[in-house]
Amino acid sequence: SQTIHQWPATLVQPVGSPLSLECTVEGTSNPNLYWYRQAAGRGLQLLFYSVGIGQISSEVPQNLSASRPQDRQFILSSKKLLLSDSGFYLCAWTGTGNTIYFGEGSWLTVV
Amino acid sequence: GQNIDQPTEMTATEGAIVQINCTYQTSGFNGLFWYQQHAGEAPTFLSYNVLDGLEEKGRFSSFLSRSKGYSYLLLKELQMKDSASYLCAVRGLSSGGSYIPTFGRGTSLIVHP
Numbered sequence: 614s615q616t617i618h619q620w621p622a623t624l625v626q627p628v629g630s631p632l633s634l635e636c637t638v639e640g641t642s643n644p645n646l647y648w649y650r651q652a653a654g655r656g657l658q659l660l661f662y663s664v665g666i667g668q669i670s671s672e673v674p675q676n677l678s679a680s681r682p683q684d685r686q687f688i689l690s691s692k693k694l695l696l697s698d699s700g701f702y703l704c705a706w707t708g709t710g711n712t713i714y715f716g717e718g719s720w721l722t723v724v
Numbered sequence: 234g235q236n237i238d239q240p241t242e243m244t245a246t247e248g249a250i251v252q253i254n255c256t257y258q259t260s261g262f263n264g265l266f267w268y269q270q271h272a273g274e275a276p277t278f279l280s281y282n283v284l285d286g287l288e289e290k291g292r293f294s295s296f297l298s299r300s301k302g303y304s305y306l307l308l309k310e311l312q313m314k315d316s317a318s319y320l321c322a323v324r325g326l327s328s329g330g331s332y333i334p335t336f337g338r339g340t341s342l343i344v345h346p
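As they're listed, the protein sequences go chains V and R. The working numbering numbers the first residue of the first sequence as 614 and each following residue consecutively. The working numbering numbers the first residue of the second sequence as 234 and each following residue consecutively.
Honestly, the hints are just simulated from the structure, not real lab data. Since the structure is predicted, the reported quantities are computational estimates derived from the model, not experimental observations. Ideal placement from N, C-alpha and C gives every residue a C-beta, glycine not left out. Each statement offered as a hint is correct.
Simulated pairs of lysine to any residue, SDA-like, Cα-Cα distance not exceeding 20 Å:
| # | chain 1 | residue 1 | chain 2 | residue 2 |
| --- | --- | --- | --- | --- |
| 1 | V | Lys692 | V | Val625 |
| 2 | R | Lys290 | V | Thr712 |
| 3 | R | Lys290 | V | Asn711 |
Over 10 Å on every C-beta distance to chain R, these chain V residues come out as not near it, computed from the model:
| # | residue |
| --- | --- |
| 4 | Pro674 |
| 5 | Asp698 |
| 6 | Val724 |
Work the whole structure out from these sequences, hints included.
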């Protein structure tokens, strides 16, 4: 069966520290992968998407970056976090079907 | 680019029917999704429409009119557990040439006794 996992689930990081969120997908190949961010009480903002290994498209300019080192692995990173980076981060994937599959989400609090 | 609009908040009474509207503008439409999201959790899939008309699934129905750029989610026999945020998402053509889903801000539904 198809599953998606992301970690860590929660983290508290000081301003200026680095960030790494990881997402892996199982049970499918060549998925489209996405990173969304959701600020408190807001909708999902698309940050990055990837249609293949090494292919990253950025939707919003920011101090975050994404990488796809393997077909089913998607990583969200930052070298120096800002207070405004706090939020709920969601990894997702789509295939040839008609569903967007989400990971469990990662709560980031920058202090 | 894509633009998706839905009401910020709605309230309804337990047992009633509520309709949540979503209007959109997109390039290269390739499907519309509705998701339910409870606070602090990941969204869960409710429905998908790509052709005009009504899709019914239990207490939930979703309607699409592509010519009007309009969809609605209909919830019947409301229950307290239906209190959640409802997200409308449209899969459209990105500037990079791929079809990607873009979400609206979500509609917070409050069901009261």
